[in-house]
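A.B. asks: Residue numbers (this note's numbering), protein chains in the order written: chain S, 1 to 204; chain W, 1 to 269.
If you are wondering where the hints come from, they were derived from the structure by calculation, not from laboratory data.
Accuracy of the hints is not assured; some may be wrong.
[Stated by the list, open to error] Here are the simulated distance ranges between beta carbons: (1) 62/S - 255/W: 44 to 50 Å; (2) 116/W - 120/S: 53 to 59 Å; (3) 117/S - 202/W: 54 to 60 Å; (4) 114/S - 119/W: 51 to 57 Å; (5) 182/W - 104/S: 53 to 59 Å; (6) 257/W - 29/S: 37 to 43 Å.
Remember, predicted model here, so these are calculated numbers, not experimental data.
Virtual Cβ for every residue (Gly too), placed ideally from N, Cα, C.
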Amino acid sequence: MKLNIKRLKALLAIAVILAASSCTYYNDFEFSRSVFTEDYDFPGLPIYSELGYNTFGMYIDRKVFSSTDSAYPIKIIVNGDTCKFSLNGWYSGGPATLGIALIGFSPEDYPDLIQLNDSIINLDDPNCILTFTQNGHTTVAKKLDVIQGSLHIKQAKKLYIDTEFTRVILSGTIALKTFLFDDPVAFTNGRFDLGVGYENFYNY
Amino acid sequence: MLVASTACKLIITLYMRKRIWIFVVFFFSLLSIKAQYFKLKDISVNMNRQDVSTILNESWPIRQDVGNLPNSWGNTFATIKSFGVASEMFVLNKKWTVTPGISFYNLQSAIMKDDYTRGGHFFLRNDNNSDGLDFIRVKSIEEKSNYLGIPITLKYTPFTFWNTLSLHAQLTADLAYQISSDTSIEFKLPAMQSLERDILNTINQQNNPFYASLYASLGMHVKLSKMIYLSLDLVLPEFIRTSNNSSLMSLQTIGGGKFSIHFPLSITK
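For reference, chain S alone in the conformation it holds in the complex (with noise of 0.2 Å):
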């Protein structure tokens, strides 16, 4: 009996220690809806802020591109050894993705994503491959020819909700020149405030 005992305690500490180290799967809705505040100084932008709005922006040359309300603004894809940052937004009247896959980094799952923490991403990097992807009247999917850029990720923060550890948040700027459409453009004033869960997470 004693044995059993002891044998319980044994199981119930590892149920307990799993369940501490695991991924919750918990999302609440109201924290996944973005929090759109403009930036008076830079009109159609967000914000630059650091807790985990859902917001992104930039200006394309002089157009804006920017998160909406409808569709989650950021997906990472891990697939093999690249991983994908997907920005969804709304680009010159209709949606838009900005993808930037980086070869050599493949977190395992969304806390992994803590390490990127005060990082800066060269984009014209051989090993960053970055795409433009929009469904407007035409959809145009096409690696870009990256000029100059850096993504700067300058937090990487854990997300707690009600002490429950729920998200990772990234937030920093990015800034690109490169060719769209076979003319140069400007990426500028790039801003991103973006939470990664189980719901925007995958790994395949």
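We have chain S already, so just place chain W on it with the hints.
C.D. replies: Frame of chain S; chain W shown alone:
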């Protein structure tokens, strides 16, 4: 050490009480000068309610700002209620009166979502967690403050009909000092209630212990019997108000009502 601490608490308590007693002493001082300059008209009991338009104080670490999340957010509300006694005195002639009083003021303000009754919640940041961002789901935050003060009203009564009904305009100045204030958080998960004091201490939002306002009102005075008169007033938006009387939001009176029962000291036929 314990004796010193107790002595300090006693001194602070006496000091605070002394401030409150200043209002009481001032009220009776006003009554005492009437014999020389004014003629006492009546004693009244009054109740006042003012509805207030509100703007959320953004220094509270609340994730969703008012207006930034459509159709699901935006309920901040506040009311100012008062109850008191006053004595009305004629000044110069029967059309002008001045009414010093003593009143208890209750200011309630709250933040909640419009789907509160269906369990709606919002997010309050808990800065006590250094490991990352920590948000607590909250159903409402409420602040209740009580003040004791002296309202002074200047009343002009241009029209009197059959010695029974009169119409008047009033200008009221309130000056009050806080006697208590409490902020409470209703959490989505009752288990989080134990964090309430820590969170409030970290946020450390203080409200203004002094309350003052200046507002006008229009109303009528009705004779119910020889011994009882009734006054009903429509309170207009205030001209001046002290700021930060609620730590949750900034307030602006948009109107209200005032009800008072008067007991005349000289019976008129």
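A.B. asks: Look at each hint and say if it fits the structure.
C.D. replies: Each hint tested on the structure:
1. 62/S - 255/W: 44 to 50 Å: holds (47 Å)
2. 116/W - 120/S: 53 to 59 Å: At roughly 44 Å between Cβ atoms, residue 120/S and residue 116/W fall outside 53 to 59 Å, so the hint is violated.
3. 117/S - 202/W: 54 to 60 Å: violated (24 Å)
4. 114/S - 119/W: 51 to 57 Å: violated (32 Å)
5. 182/W - 104/S: 53 to 59 Å: Between residue 182/W and residue 104/S, where Cβ atoms are some 56 Å apart, the hint holds.
6. 257/W - 29/S: 37 to 43 Å: holds (41 Å)
When the structure is compared with the earlier hints, violations turn up for hints 2, 3, 4 and for no others.
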